[in-house]
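Student: Sequence:
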Amino acid sequence: MSAIANTIIRRIRAKGRGWVFTPKDFLDIGTRAAVDQTLSRLARKGVIQRLDRGLYDYPKMHDKLGTLSPSADDLAQAIAAKTGDIVFPSGAAAANSLGLSTQVPARPVYLTNGSARTKKVAGRTIVLKHAKVPIMDRMTIKANLMLQALSYLGQKNIDDQMIRQCADRLDDRDMKDLSASAPRVPGWMADVILKIQQTKHG
Numbered sequence: 010m011s012a013i014a015n016t017i018i019r020r021i022r023a024k025g026r027g028w029v030f031t032p033k034d035f036l037d038i039g040t041r042a043a044v045d046q047t048l049s050r051l052a053r054k055g056v057i058q059r060l061d062r063g064l065y066d067y068p069k070m071h072d073k074l075g076t077l078s079p080s081a082d083d084l085a086q087a088i089a090a091k092t093g094d095i096v097f098p099s100g101a102a103a104a105n106s107l108g109l110s111t112q113v114p115a116r117p118v119y120l121t122n123g124s125a126r127t128k129k130v131a132g133r134t135i136v137l138k139h140a141k142v143p144i145m146d147r148m149t150i151k152a153n154l155m156l157q158a159l160s161y162l163g164q165k166n167i168d169d170q171m172i173r174q175c176a177d178r179l180d181d182r183d184m185k186d187l188s189a190s191a192p193r194v195p196g197w198m199a200d201v202i203l204k205i206q207q208t209k210h211g
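Residues 10 to 211, numbered by our numbering, are exactly what the sequence shown covers, in order.
Mixed in with the good hints there might be a few duds.
[Said to hold, decoys possible] Mimicking DSSO-like on lysine-lysine, the simulated pairs with C-alpha atoms at most 27 Å apart in a straight line are:
hint, residue 1, residue 2
1, Lys-141, Lys-69
2, Lys-33, Lys-129
3, Lys-128, Lys-69
[As the list claims (entries may be wrong)] Pairwise CB distance ranges (calculated):
hint, residue 1, residue 2, range
4, Asp-181, Arg-20, 32 to 40 Å
5, Gly-163, Val-56, 41 to 49 Å
6, Gly-93, Arg-19, 22 to 30 Å
7, Asp-61, Ile-150, 22 to 30 Å
Rather than coming from a laboratory, the hints here were simulated on the basis of the structure.
We treat Cβ as the ideally placed atom computed from N, Cα and C, and that holds for glycine.
Using the sequences and the hints, build the whole thing.
Tutor: Structure (structure tokens):
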């Protein structure tokens, strides 16, 4: 086995079972052609699983069920990564994860800074929608989640209690990043962000 193949296998095993990846994850190791050949060989041997063109996973195994399908979150991240896009949970999922809403989305929908698309992979339907408010690549995850959650909740559903809840969810770094995003969001959201900041530091 070549040095490139050995290095690729080591990286895959280090990431652990359940990792979903594309050839781009190995372009620091060898040429695209060499990486493609190695991944195809590993898929034929059953070491990894080919999910779609240019999309693979190192599948989790179950004693009785055998090979398990990757999670929708991992698939969405890998699909977006193929085109260099960022992906985040939908506004509803973001609000739920931050404790701002009890509503659980019926099916996973993801927001991206790239183009909207729907893709069926590994028995799952992955829906990517273009985010209404920007997904910032230099912001903390929680600050990005907060932006999407605020956009989903809407101006009329954000009262003083909600403002306090938002302030409680953010640490100082999150708050700094969220405040920096104000010029790039709708005016009403900028006003809400200012209120959150004032509440947090008031």
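Student: Could you check the structure against the hints above and give me the numbers of any it violates, in ascending order?
Tutor: Of the numbered hints given earlier, the structure breaks just one, which is hint 1.
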